[in-house]
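Asks: The primary structure of each chain is shown beneath.
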Amino acid sequence: GDSVTQMEGPVTLSEEAFLTINCTYTATGYPSLFWYVQYPGEGLQLLLKATKADDKGSNKGFEATYRKETTSFHLEKGSVQVSDSAVYFCALRLSGGYNKLIFGAGTRLAVHP
Amino acid sequence: GAVVSQHPSWVICKSGTSVKIECRSLDFQATTMFWYRQFPKQSLMLMATSNEGSKATYEQGVEKDKFLINHASLTLSTLTVTSAHPEDSSFYICSASPLRDRGQETQYFGPGTRLLVL
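Quick mapping for you: the protein sequence lines, in order, are chains A and B. Quick note on numbering: the first sequence equals residues 17 to 129 in this note's numbering. Quick note on numbering: the second sequence equals residues 4 to 121 in this note's numbering.
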């Protein structure tokens, strides 16, 4: 069935380090792919998205490229800040008019000064 | 803008009791609200989709008689866990899709409600 797998956390980094959070998916058709972020005490917020192969989503210094050949959508940031500490969720939405989001388990990121 | 709240944020109850969780869109109207459940170290799983004024659509494997969903207005949906048991302990998250988003492509999420059944 359709699913999303992302790396287990927690990921602990020092400020200004490079971040990669891996995400791979299994889906029929051509899904849209998303990264959501959840800060402590808040709801999930859309961070970035990509709707077709080779699209790159970007926001707030974060980037992810839709790689159909490897069924991946890895999240990257060149220099993390303490304020980036949060839980990051990778998700897909199936094509064909379905609005159902399928999420990964989430990866907790902790950035230390 | 586009804030979704949930109440309560934490609830502890005894086995066999019912618990109601509210989901409100504070600054927009939502025709569609979604209810998710997340067990520790697992994905958010969609439980049901509710449309204002109509019956909710439940995902396969979710008991509709156990998880009662009411979407009586464009800003409020409630999830009632009836006769809760320890295995219902989980993190429940709602999201809302704005009225203006006819394609329901945008979802705004609440902060979640943690339920512990003793």
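These are calculated hints, taken from the structure and not from any lab test. Treat the hints with care, as some may be off.
Distance condition first, Cα-Cα at most 30 Å in a straight line; then the derived DSS-like pairs of lysine-lysine [as the list claims (entries may be wrong)]:
#, chain 1, residue 1, chain 2, residue 2
1, B, 23, A, 68
2, A, 72, B, 58
3, A, 116, B, 67
4, B, 67, A, 76
5, A, 76, A, 116
6, B, 69, A, 93
7, A, 84, A, 65
8, A, 84, B, 23
9, B, 58, A, 116
10, B, 69, A, 65
11, A, 93, A, 72
12, B, 67, A, 68
13, B, 23, A, 65
14, B, 58, A, 76
15, A, 93, A, 76
Ranges between beta-carbon positions, derived for each pair [to be verified]:
#, chain 1, residue 1, chain 2, residue 2, range
16, B, 15, A, 55, 38 to 48 Å
17, A, 126, B, 60, 17 to 27 Å
18, A, 57, B, 17, 23 to 33 Å
19, B, 42, A, 126, 35 to 45 Å
20, A, 84, B, 17, 19 to 29 Å
21, A, 85, B, 13, 13 to 23 Å
22, A, 57, B, 90, 50 to 60 Å
23, B, 42, A, 76, 39 to 49 Å
24, B, 44, A, 98, 37 to 47 Å
25, A, 70, B, 12, 19 to 29 Å
26, B, 57, A, 30, 49 to 59 Å
27, B, 44, A, 83, 21 to 31 Å
Partial list, computed: chain A residues near chain B (C-beta under 7 Å) [what the hints assert, rightly or not]:
#, residue
28, 55
29, 56
30, 59
31, 60
32, 116
33, 120
Even for Gly, the Cβ is constructed at its ideal location relative to N, Cα and C.
Asks: Would the stated hint for residue 60 of chain A survive a check requiring a Cβ distance to chain B of less than 7 Å?
Replies: Since the shortest Cβ distance to chain B is 4 Å, the answer is holds.
Asks: Holds or violated: the 19 to 29 Å window for the beta-carbon distance between residue 84 of chain A and residue 17 of chain B?
Replies: Roughly 50 Å apart at Cβ, these two residues miss the hinted range, so it is violated.
Asks: Take a quick look at whether residue 69 of chain B and residue 93 of chain A sit within 30 Å of each other, Cα to Cα.
Replies: violated, 43 Å
Asks: So the hint says 37 to 47 Å: do the beta-carbon atoms of residue 44 of chain B and residue 98 of chain A match that?
Replies: Violated: the Cβ-Cβ distance is about 25 Å, outside 37 to 47 Å.
Asks: Look at the Cβ atoms of residue 57 of chain A and residue 17 of chain B and judge whether their distance stays inside 23 to 33 Å.
Replies: holds, 27 Å
Asks: Could one say that the CB atoms of residue 57 of chain A and residue 90 of chain B fall in the range 50 to 60 Å?
Replies: For residue 90 of chain B against residue 57 of chain A, whose Cβ atoms are near 26 Å apart, the range 50 to 60 Å is violated.
Asks: Okay, residue 44 of chain B versus residue 83 of chain A on CB: inside 21 to 31 Å?
Replies: Given about 26 Å between the Cβ atoms, the range holds.
Asks: Between the alpha carbons of residue 23 of chain B and residue 68 of chain A, is the straight-line distance 30 Å or under?
Replies: Distance of about 40 Å is beyond 30 Å: violated.
Asks: Starting from residue 93 of chain A, check that the Cα of residue 72 of chain A is at most 30 Å away, please.
Replies: At roughly 13 Å apart (the allowed maximum being 30 Å), residue 72 of chain A and residue 93 of chain A satisfy the hint.
Asks: Between residue 116 of chain A and residue 67 of chain B, is the straight-line Cα distance small enough, at 30 Å or below?
Replies: Measuring from Cα to Cα gives roughly 18 Å; hence the hint holds.
Asks: Against chain B, run the beta carbon of residue 120 of chain A and see if the smallest gap drops under 7 Å.
Replies: holds, 6 Å
Asks: A closest beta-carbon separation below 7 Å is what the hint needs, so does residue 59 of chain A meet it against chain B?
Replies: holds, 4 Å
In summary, the structure is inconsistent with hints 1, 2, 4, 6, 8, 10, 12, 13, 14, 16, 17, 19, 20, 21, 22, 23, 24, 25, 28 and 29 from the numbered list given earlier, while agreeing with the others.
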